[in-house]
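Visitor: The numbering of the sequence shown is my numbering, which starts it at 1093 and goes up by one.
Since the hints were made in silico from the structure, they are not lab data.
This structure is a prediction, so every number in the text was calculated from the model and none was measured.
Mixed in with the good hints there might be a few duds.
[To be verified] No farther apart than 27 angstroms at their CA atoms in a straight line, the calculated lysine-lysine pairs in the BS3-like style are these: (1) 1120 to 1153; (2) 1120 to 1147; (3) 1120 to 1199.
[Claimed, not checked] With beta-carbon atoms standing in for the labels, derived distance ranges: (4) 1142 to 1184: 17 to 23 angstroms; (5) 1188 to 1123: 31 to 37 angstroms; (6) 1158 to 1187: 41 to 47 angstroms.
Beta carbons are placed, not taken as given, at the ideal position from N, Cα and C, and that holds for glycine.
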Amino acid sequence: ARPASLTMTEASKPKEANARVLKLKVVKGDDMMVTDDNDNFCRLRLFDVMGSYVKSEGDNKTTVVRGPAANGGSASEWNQTFDFGKGYDLSENNPNLPTVVIEVFEKNTITKNT
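Assemble the whole structure, with the sequences as input and the hints as a guide.
Guide: Rendered as structure tokens:
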């Protein structure tokens, strides 16, 4: 299965000088495992160049959507946009730009998803 499809807009300039925001839009996940009880969501997190989680950017999650079998297809659709850069320098002058990690989960009602 392929990872969730994403569209990404260019970084846009907020009110602060030299500050930029990265907007990521999670559109859908194609070719996901089809079962009747899939409840899928994505988690988006920022990691610095050392591989450490950037806590100031938060743990962004899409809403949980009923899986492909429930909506008659093979894709889960989110169409949600997330902003990064609130607590991390994304300016052009920063040589240490971070990595965005996107993970797709199936909500499990028995155990806690992290």
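Visitor: Does each hint fit the structure? Answer for all of them.
Guide: Each hint, compared with the structure:
1. Annotation: proposed proximity of residue 1120 to residue 1153 holds, straight-line Cα distance about 14 angstroms (limit 27 angstroms).
2. As the CA atoms of residue 1120 and residue 1147 are separated by approximately 25 angstroms, the hinted pair is consistent with the 27 angstroms bound.
3. With a C-alpha separation of about 16 angstroms, the suggested pair residue 1120 and residue 1199 falls inside the 27 angstroms cut-off, and the hint holds.
4. Here the CB-CB span from residue 1142 to residue 1184 is close to 21 angstroms, well matched to the stated 17 to 23 angstroms.
5. For residue 1188 paired with residue 1123, a C-beta distance near 34 angstroms keeps the hint of 31 to 37 angstroms intact.
6. The hinted window of 41 to 47 angstroms between residue 1158 and residue 1187 holds, with their beta carbons roughly 43 angstroms apart.
This entry satisfies every hint, going by the numbered hints stated previously.
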